Amino acid sequence: MSDEPTPSAPPDAPHVKTVLKLASSMQRFAMVAAFAVSVVALVLSVVLRGTSGLVGSLLGVAIGLVLGFIGTAVMRGTARATPGGVMIGAMGSFALKFVLLLVFLLVFRGTTLFDAKTFAFSLLAVTVAWIAGEVVGFLKAKVPAVDV
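For the sequence shown, the numbering used here assigns the number 1453 to the last residue and increments by one with no breaks.
Incorrect hints may have been included.
Said to hold, decoys possible - No farther apart than 27 Å at their CA atoms in a straight line, the calculated lysine-lysine pairs in the DSS-like style are these:
no.	residue 1	residue 2
1	K1402	K1445
2	K1422	K1322
3	K1447	K1422
4	K1322	K1447
To be verified - Quick list of simulated restraints, FRET-style, between CB atoms:
no.	residue 1	residue 2	range
5	P1319	V1351	41 to 51 Å
6	P1316	T1417	14 to 24 Å
7	G1389	K1326	11 to 21 Å
8	S1329	A1367	14 to 24 Å
9	F1340	F1443	33 to 43 Å
Simulated from the structure, these hints should not be mistaken for laboratory data.
All values reported here derive from a predicted model rather than from experimental measurement.
Glycine included, C-beta positions come from ideal geometry on N, C-alpha and C.
Make a model of the complete structure from these sequences and hints.
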């Protein structure tokens, strides 16, 4: 054993703390909004369209939530990259979400396994709620606009 101190990790850049705080706040508010809308969408789908409506709505809600979580997960994963790297991660996650949704829609085009209208409206409602929650979370986080 030597008396040499073990090298410690270099301190994080100033933007890391900000990005992580934003990701947490945005995800927290987005989850609350999206889960509330999900419950309403599921209930309305069952009442208006029955079992096939429930299945469509469940798929729409699940896909909307997964796609929403991808964004904040990428924010957390790229937080220690440069600010440009964080932006590349954000744009890459947007492209990934678009491609995943496109593939799902192409695979299930014309399906009778679930009600397409409840799927579409549930996905849209959850996505809008998630984005609105992220905006509220961003504003509530009260982080500086510029890190120096």
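task: List, from low to high, the hint numbers that the structure doesn't satisfy.
output: 2, 3, 6, 9
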